[in-house]
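Participant: Turn these sequences into a full structure, and let the hints guide you.
Which chain is which? The protein sequence lines are Y and S, in order. Each step along the first sequence adds one to the number in UniProt numbering, with nothing skipped, and position 187 is 187. Each step along the second sequence adds one to the number in UniProt numbering, with nothing skipped, and position 2 is 2.
Bear in mind the hints are in silico, worked out from the structure with no lab data behind them. Since the model is a prediction, treat every value here as computed from it, not as a measurement. It is possible that some hints are incorrect.
Said to hold, decoys possible - Okay, derived cross-link-like pairs now, DSBU-like style, lysine-lysine, Cα gap no bigger than 30 Å in a straight line:
id, chain 1, residue 1, chain 2, residue 2
1, Y, Lys-152, S, Lys-183
2, Y, Lys-81, Y, Lys-101
3, Y, Lys-205, Y, Lys-156
4, S, Lys-183, Y, Lys-101
5, Y, Lys-134, S, Lys-183
6, Y, Lys-134, Y, Lys-152
7, Y, Lys-134, Y, Lys-81
8, Y, Lys-101, Y, Lys-156
9, S, Lys-183, Y, Lys-156
10, Y, Lys-39, Y, Lys-101
11, Y, Lys-205, Y, Lys-152
12, Y, Lys-81, Y, Lys-39
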Amino acid sequence: MLDGVRSDLTSARDGAARETLLEVNNIEVIYNHVILVLKGVSLSVPQGGITALLGGNGAGKTTTLKAISNLLQSERGEVTKGTISYRGERVQDLDPAALVKRGVIQVMEGRHCFEHLTVEENLMTGAFTRRDGKAAVLRDLEMVYEYFPRLKERRKSQAGYTSGGEQQMCAIGRALMSRPEMVLLDEPSMGLAPQLVEQIFEIVKAVNEGEGVSFLLAEQNTNVALRYAHYGYILENGRVVMDGPAQALRENPDVKEFYLGMSDEGRKSFRDVRSYRRRKRWLA
Amino acid sequence: MLNDIFIQPFADMFGAPDFLLQVLWEGLVSGILYALIALGFVLIFRSSRIFNFAQGIMVVFAALTLVGLHAMGIPAWISVALTLAVMFVLAVSIERVVLRPLVGQPDIILFMATIGITLFLIGFGEIIFGGENKVMITEELGIPTDSVVLEPWGGLLILEQKDITAVVVAGLLVVALLLFLGKTRMGRAIRALGDDHQAALSVGISLQTIWVLVWFIAGIIALVTGIAWGARAGVSFALEVIAYKALPVLMLGGLESITGAIIGGLMIGMLEKLFEIYWGQPLMGGNTETWFAFVLALIVLLFRPQGLFGERIIERV
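Facilitator: Spelled out as structure tokens, the structure:
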């Protein structure tokens with residue numbers, strides 16, 4: 001059945017000729033030398049696409065993103081096996097700053113704005129690694145304000161006093177200020193009202209189409225993520241259990257039942273879905 | 001008794017306003033130096049959560065290096081430049097040897113490490129420059145040593161020119177520092193790092209660079225303080241004691257607040273002088289300056305644990 005999904009992989013990567021930006025090959029991540037979190041995750045992100053990384057709590061989404069951006073080091077995590085390459089170059093030993101210079105930047109889960117800095121100062125810190133002059137940075141600041149008009153209104157407020165949605169926008173805008181090729185977006189929907197989630201994803205889509213920025217986003221909100229993404233990977237327990245074009249994943253009965261809360265018999269309470277049954281179906 | 005505590009001191013103050021001004025001026029001069037040292041603490045604490053116990057000894061070390069270099073026959077201003085270079089090397093080596101291997105360890109371990117730095121600098125300084133007292137090269141640096149005599153209300157107010165110089169230079173340094181933190185890319189990065197380490201890493205701010213930078217700034221501050229204080233009291237390891245005065249300043253002003261450090265320093269400097277002259281000497285036999293600041297800090301802590309100007313913890317409800 002999984003094969004069925006994989007076979008129409010090429011057809012849905014619209015055009016199929018897109019260059020692969022990021023290639024993660026069978027990585028294993030261990031925290032603190034003992035806790036095995038990722039048990040061989042492979043994925044690839046094409047240029048100009050939105051790729052979703054889906055799965056429940058503790059599936060390994062955040063760890064995967066942090067392994068790519070190399071923020072793992074500061075949390076005593078370590079990639080022990082496998083390779084990560086960006087544009088064909090091995091990047092797993094670089095520090096986060098070097099990766100930002102190469103065009104890969106992470107927006108962390110829970111937003112992490114600099115709360116005592118104003119919104120505009122927050123955005124400006126995003127341009128820290130840039131060397132292309134003040135004029136170019138200011139041009140990009142205007143670009144960010146165009147995508148996020150709300151931030152322009154709040155530019156002088158301390159980020160800590162802005163709302164959750166504004167902070168999420170601020171964090172994404174800050175990342176855009178580094179002129180990235182690829183943004184690793186961790187759980188943008190966290191703690192936001194459905195309407196705001198929709199708005200944020202609209203902006204992500206607009207940035208993706210307007211600026212050609214590729215996104216790899218980790219999401220628990222499978223429903224929204226699959227509507228905006230082009231391709232999706234489903235992680236469970238540190239492994240990729242399924243991947244495919246977003247369209248195909250949306251229509252897959254297993255994904256429908258376990259992640260979208262629908263099944264052939266219509267909507268179903270989660271209480272009725274027994275966990276042993278889930279395991280059996282995946283392994284079959 | 002009540003008269004001695006509540007009425008007599010104030011009667012004295014208004015009876016001889018010129019003397020009151022003199023006391024306040026003395027307080028201001030030591031206060032601004034406390035403020036400078038506290039600033040060094042605040043910068044390092046904000047950007048790395050390290051309570052830098054070595055700030056005081058850095059003052060001594062900088063002053064000793066300056067005097068020692070000059071004693072070797074190097075012209076005064078070149079000695080200043082060389083001392084700055086030494087402070088830079090010190091910042092780089094502290095980052096390399098002490099901080100980098102300890103990243104991510106609990107705060108208390110880093111605090112202990114700064115105590116280690118303190119002991120090292122004491123020993124190292126004594127080996128190289130010797131432990132005896134030295135005289136600050138005030139005149140060689142072109143700092144005027146005359147006094148200005150003013151006569152407000154027909155009284156007498158003596159301002160030493162080296163004190164005036166110290167106040168002006170310290171003021172300029174503070175302004176420059178505030179501009180640097182507020183307006184420049186590096187300054188923003190220092191403040192960002194103070195707010196959120198992980199996020200700062202994620203946008204590509206390099207911890208190592210920033211740490212070297214803040215320790216170097218702390219070194220510059222230490223040199224200026226060392227020159228100013230050395231001009232008043234000579235250069236010896238006893239200077240380190242004034243650094244401990246920065247602790248009550250920090251408690252008063254808050255560990256993270258730059259304005260707090262400045263205002264706290266000035267307040268402590270002036271209040272302890274006032275207390276000493278008008279209450280301490282007549283009522284307690286003097287020498288209250290050694291403990292007054294700490295008692296004041298304790299009282300403040302009772303009522304405002306985050307300090308008078310501690311950065312407000314932003315909490316959204």
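Participant: The structure should be examined with respect to each hint, and the outcome stated for every one.
Facilitator: Cross-check of the supplied hints:
1. Y:Lys-152 to S:Lys-183: holds (19 Å)
2. Y:Lys-81 to Y:Lys-101: holds (25 Å)
3. Y:Lys-205 to Y:Lys-156: holds (27 Å)
4. S:Lys-183 to Y:Lys-101: holds (23 Å)
5. Y:Lys-134 to S:Lys-183: Cα-Cα ~13 Å, so holds.
6. Y:Lys-134 to Y:Lys-152: holds (19 Å)
7. Y:Lys-134 to Y:Lys-81: Roughly 41 Å between the alpha carbons, so the hint for Lys-134 of chain Y and Lys-81 of chain Y is violated.
8. Y:Lys-101 to Y:Lys-156: holds (28 Å)
9. S:Lys-183 to Y:Lys-156: Cα-Cα ~14 Å, so holds.
10. Y:Lys-39 to Y:Lys-101: Given that 30 Å is the threshold and the Cα spacing comes to 29 Å, the pair holds.
11. Y:Lys-205 to Y:Lys-152: Cα-Cα ~20 Å, so holds.
12. Y:Lys-81 to Y:Lys-39: Holds - the C-alpha atoms of Lys-39 of chain Y and Lys-81 of chain Y are around 9 Å apart, at most 30 Å.
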